[in-house]
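Knowing the structure of chain S, use the given hints to seat chain Y on it.
So the protein sequences, as listed, match chains S and Y.
When we follow our numbering, the leftmost residue of the first sequence carries the number 1, and every step to the right adds one.
When we follow our numbering, the leftmost residue of the second sequence carries the number 1, and every step to the right adds one.
A portion of the hints provided could be inaccurate.
[Stated by the list, open to error] Derived DSS-like pairs (lysine-lysine); straight-line CA-CA distance at most 27 Å:
no.: 1; chain 1: S; residue 1: Lys-45; chain 2: Y; residue 2: Lys-9
no.: 2; chain 1: S; residue 1: Lys-92; chain 2: Y; residue 2: Lys-151
no.: 3; chain 1: S; residue 1: Lys-156; chain 2: Y; residue 2: Lys-9
no.: 4; chain 1: S; residue 1: Lys-45; chain 2: Y; residue 2: Lys-199
no.: 5; chain 1: Y; residue 1: Lys-99; chain 2: S; residue 2: Lys-79
no.: 6; chain 1: S; residue 1: Lys-93; chain 2: Y; residue 2: Lys-199
no.: 7; chain 1: S; residue 1: Lys-45; chain 2: Y; residue 2: Lys-292
Derived by calculation from the structure, the hints in this document are not laboratory data.
Here the structure is a predicted model, which means the values were calculated and not measured.
The primary structure of each chain is shown beneath.
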Amino acid sequence: MITFTNVTKKYGENIGLENASVSIAKGDFVFLVGPSGAGKSTFIKLILKEINADSGRIKVGDYVVTDISNRLIPQHRRKIGMVFQDFRLLPKKTVFENVAFAMEIMHKSRRQIRKRVPQVLSLMGIEDKAKRYPQELSAGEQQRVAIARAIINNPKVLIADEPTGNLDPETAKGIMDLLDEINQTGTTIVMVTHAKDIVDRMNKRVIAIEDGHIVRDDYGQYGYDEGLDFGEGVFTDV
Amino acid sequence: MFRLFYNIKQAVLQLIRNKGMAVASIFAISAMMLILGLFFVISVNINLFTEIIKQDYDTVEVYLEEATTAAKTKSIIESIKHMNGVSSVEFRNKDQALKVLKRRWGESGYLLDSLGENPLPNSILVKVENLNAANRVNVAANKIDGVESTKYYKETVDKLTKVTNFLSISAIIIMLFLIIVSVVVVSNTIKLTVFARAKEISIMKYVGATNWFVRGPFFVEGIIIGLIASGMSAGLTYVLYDRIVDAIGMKVMTILSSPLVPATYLASNLIIIFASMGVGIGAVGSIISMRKFLDK
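With the rest of the complex left out, here is chain S (with noise of 0.2 Å):
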């Protein structure tokens, strides 16, 4: 699903990602981990292509990112669903509208949005706070709708950006069984992380990045010291 073949990255001196190869399976469940600037935001940004490869292929779904068009990025980024650490929400769109607003993008008409958006909803159990604004919903609920609008439009791979990271141990779980039901439907899950409880605990594949380069790359577990300083992440965010 996602294959990197020898990418590189640079921004002037400094090494995003250096001669990274690396092959995600449809249907993994993988955690990238490894302490701030090593280079998970690079990996992210140039699945999505927001910033473009210095050498290297990549390669998600049929898409060849490193060789499509700028015009061809909304139909590529269609295929991917996005999920935050901070939710971005539009705070003045209800959940509800928070939720279409991915299918207006895609041109649904607005039957069809009437029927799926409950439906998903429901499925992430908040189908009682569609007509409530993001700000008046707890951390949890609003990372929960932000899951919502990631796969209302059956994306083939789902990132996920520390979407734990905001959230007590107890929302955080509620969210990785959601995110592990989603993993069984087949959607290919990425997950950006620096909670090794839950990484422990979830027994995936996982992908360790350190100043640019993949060091480590196999099952279970999390492989840091909790302690150890990120700079970001749940154990250091305020």
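Chain Y in isolation, oriented as in the chain S frame:
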């Protein structure tokens, strides 16, 4: 249709949220278009005047001396008739000449009644085939015994054409300049709403919105600003010009024997020209304002 309503709704909301700047840019653009409008009515009138004069272009008027007898007149007519390039010759006595003049002066014609004796000479109207013939006839007729003087409008028309050309060129230059300024004004106004919605735009892009989806509401916003400004300036130009016609139209008629173009006649042209300019300025301004935002 869904998208059209969506875009219009979003655009109106943005304008209301940002009314200060929207009103300011509407006024700025209206002021610029008003200047354009005045240029427009001036050149339309000069064009009309030139056209009216041109109708006499192919005519040389030959004025006869007071003492010229009927027999002499007949022989003058004959000799002119045989000149090269003359298409027709018509005699006009002094009474007919006065009538024509009265008709031209329209309502002010009564002024001529106070003249007492008719000061106009008998004349011969010579229609010529082309400009060269007009020159030739002019020179030759002047030499004929019994002819007081001749008159034709070549010089006047030439001068007027020069003035019209000059005005058109300067109007175009000023217009281009003002259009560029207007585009900058619109794009800056819209940039404010773009900044205010930067986060929203980035989310749209993440979800896979095309540039045109993101641009839609801002595009409509620019067009609305342009349309309101063009409506205001077209209305203002109309009212101002109508007043001007009321105030000096009669005098212009008397002095130049040419009417001012009535405001009602210009109205539809004004609206079409202003509206298309407004839409163009708004559309281009909004696209420019978003260029950097949509790079990714």
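(message) For a C-alpha distance cap of 27 Å, please report whether Lys-92/S and Lys-151/Y respect it.
(response) violated, 77 Å
(request) Compare the distance between the alpha carbons of Lys-99/Y and Lys-79/S with 27 Å, and conclude whether the hinted pair is satisfied. (result) Roughly 85 Å separates the two Cα atoms, so the pair is violated.
(message) With the threshold set at 27 Å, check whether the alpha-carbon distance from Lys-45/S to Lys-292/Y stays at or below it.
(response) Holds, because 18 Å separates the two Cα atoms, which is no more than 27 Å.
(message) Between the alpha carbons of Lys-156/S and Lys-9/Y, is the straight-line distance 27 Å or under?
(response) violated, 33 Å
(request) For the pair we were handed, Lys-93/S and Lys-199/Y, check the Cα-Cα distance against 27 Å. (result) holds, 13 Å
(message) Can you confirm whether the C-alpha distance between Lys-45/S and Lys-199/Y stays at or below 27 Å?
(response) Roughly 17 Å separates the two Cα atoms, so the pair holds.
(request) Quickly compare the C-alpha distance for Lys-45/S and Lys-9/Y to 27 Å and report which way the hint goes. (result) The given pair, whose Cα atoms are some 33 Å apart, is violated under the 27 Å limit.
Consistency note: the structure conflicts with the earlier hints numbered 1, 2, 3 and 5.
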